[in-house]
Amino acid sequence: MLGTFSIRELHQKIIKQEIKIKDIVEYYLANIKKNQVKFKPFLNVFDKILIKQMDVLQPKIGVSRNLPLLYGIPAAVKDNICIENTVTTAASKILKGFRSPFDATAIKKLRENGVLFLGKTNLDEFAMGSSTENSAFFTSSNPFDSRLVAGGSSGGSAAAVALNMAQFALGSDTGGSIRQPAAFCGVYGLKPTYGAVSRFGLIAMASSLDVIGPLARNLDDVFLVFDYIKGTDVQDLSSFYPKTPAFVPKKDFKVCYVKEYFEGCDERIYKRIFSILESLKKENLIVEEVSLPILKDVLPCYYIIMASEVSSNLARYDGIKYGSSKLKSSKNYFKNLLDLYLDTRFEFFGNEVKRRIFMGTFSLSYGYFEAYYLQALKMQQKIKSEFAKIFKTYDAVIGPTTPELAFKIGEKSQDPVKMYLSDIYTVPANLGGYPALSMPVGFIDGLPVGLQIMADMWNEPMIKNIAGYIEKIIK
Amino acid sequence: MEIDIKKIENLSKIRIKTKIKNTILKELAKILNFASRIKNYKLGEDLKVIGSVNNLKNVLREDIYNNKDQHFSFNREIIFDNIPLKEKSYVKVPKVLKAK
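Chain order of the listed sequences is A and B.
Here the first sequence is numbered in this note's numbering, starting from 20 and rising by one per residue.
Here the second sequence is numbered in this note's numbering, starting from 3 and rising by one per residue.
Keep in mind that the hints were calculated from the coordinates and are not lab data.
Accuracy of the hints is not assured; some may be wrong.
Unchecked claim - Coverage of chain B stretches by chain A, computed from C-beta distances (three or more under 8 Å per stretch; other residues unrestricted):
#: 1; stretch: 11-18
#: 2; stretch: 23-36
#: 3; stretch: 77-85
#: 4; stretch: 91-98
To be verified - With the C-beta cut set under 10 Å, the calculated list includes, among others, these residues of chain B facing chain A:
#: 5; residue: I7
#: 6; residue: R39
#: 7; residue: L49
#: 8; residue: S54
#: 9; residue: L58
#: 10; residue: N60
These numbers come from a predicted model, not from an experiment.
Here a beta-carbon is modelled for each residue, glycine too, at the ideal position from N, C-alpha and C.
Just chain A, same shape as in the assembly (with noise of 0.2 Å):
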């Protein structure tokens, strides 16, 4: 009964008493209980840290005025982001038990107006995949039928969500892991704008392109926590949103979608976005079609680029600093630094990992560079401007967010390049660095699907604007 409230109404119940924040925690605590053994969205729970923190935050209650929104507000937080001395994985065996020496900036804010962290979910490997399956502990289910898989690579933190696990969750998206498995939980995830909030404390996959956005089951609870996490970090030098809205909010908006995006899509799925589309036009909204065939090769753009910067940034494991070490099992490795590197990260790192670093390593080599890493970056920056161009008619491009439902778990791990085309809807705009949001827009065979509005920079209000009209007119 308590999952179905927004953060605003717990909020409202907290302060004139009606719930104790305990109930809310213990209400997310047992749902916890339930759902882990069959689902496994999570990899760590904190029950004995949290009755620590609700006996701080429930005294201020009736006594403190002006309580945030989001304070006694539970929530889950993908394990690539680092909350202070808890344990931070990435799903890797590489950082097994790490424990993080300071928050990331978007828990500190959070933890700032109140939240109460229940636990950290699991994800693909330093969220490389698009299915939990690669991580290095177990793979998450899909909350609708637990064959499939709950989508990656924030897959924990959609289940969780769908299966009111916490109010909210944070993950982070690089290629459309926010989007993708929100999309097959059923649950709204945000992509924030590129920068809007710090990536300081989020563990680096490729750093151009990864954002930390929020996963909820409705709308206003995505951007409440949007607003709560956004914003300039002098601790994230890439970081940047804009005190005053960049853009003036207006009611009527022109909207398109592209041509490309509905090639190679599941029909099912295709003619579900097509009679959204075909109401908005009802609504006489304008709808247009736009073509943009450079969408075909965004793909090998996008893992150019990605792979590159996981080579580099992965670069920091070395069995020395910190993580999972050869050093522990093995007096020989104090003969050679070389073979302490090559076979530490030889034993730790999981395979698709490793497949990215090889890539990444080869694409930015000598004889290599400009034909790979420099010809995806000029690229990049095509692409860039041809949905520069689309922003300058239209407020937004509206599109289906994956090309099929939740698949199989084990249907497509062993075919790496297979597993790569699920992201052909979501890449774009984390190469642009744009906004964009997956919100459930019904059921298809009994699974759900998911509907991608794409903004300018920095113009989140549209989307949650848009957002909110779909909703209306398909209810």
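Chain A is already provided as a structure; the job is to place chain B on it using the hints.
For chain B alone, kept in the frame of chain A given last:
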């Protein structure tokens, strides 16, 4: 395309054992085949490489110490706990210098 697996191993600092060499080569060839599609994509000559997607530019400040810059500190004890091998307050590492 020839992939020099020894070079990849050396640059990535990940051991590639002889046993799995062929599997890795096959996988890499498949991914590179997928990625190679962009090599022939015709792009305008004047196209510049993107700096940052949110149009931020690098700015340098004066090299003067400012108290306000000291806004963050890490938990030293936890950082130390995370070190795989240590002695007193030192990090232990394999020898990199060789005796003659």
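Hint check, failures only: none
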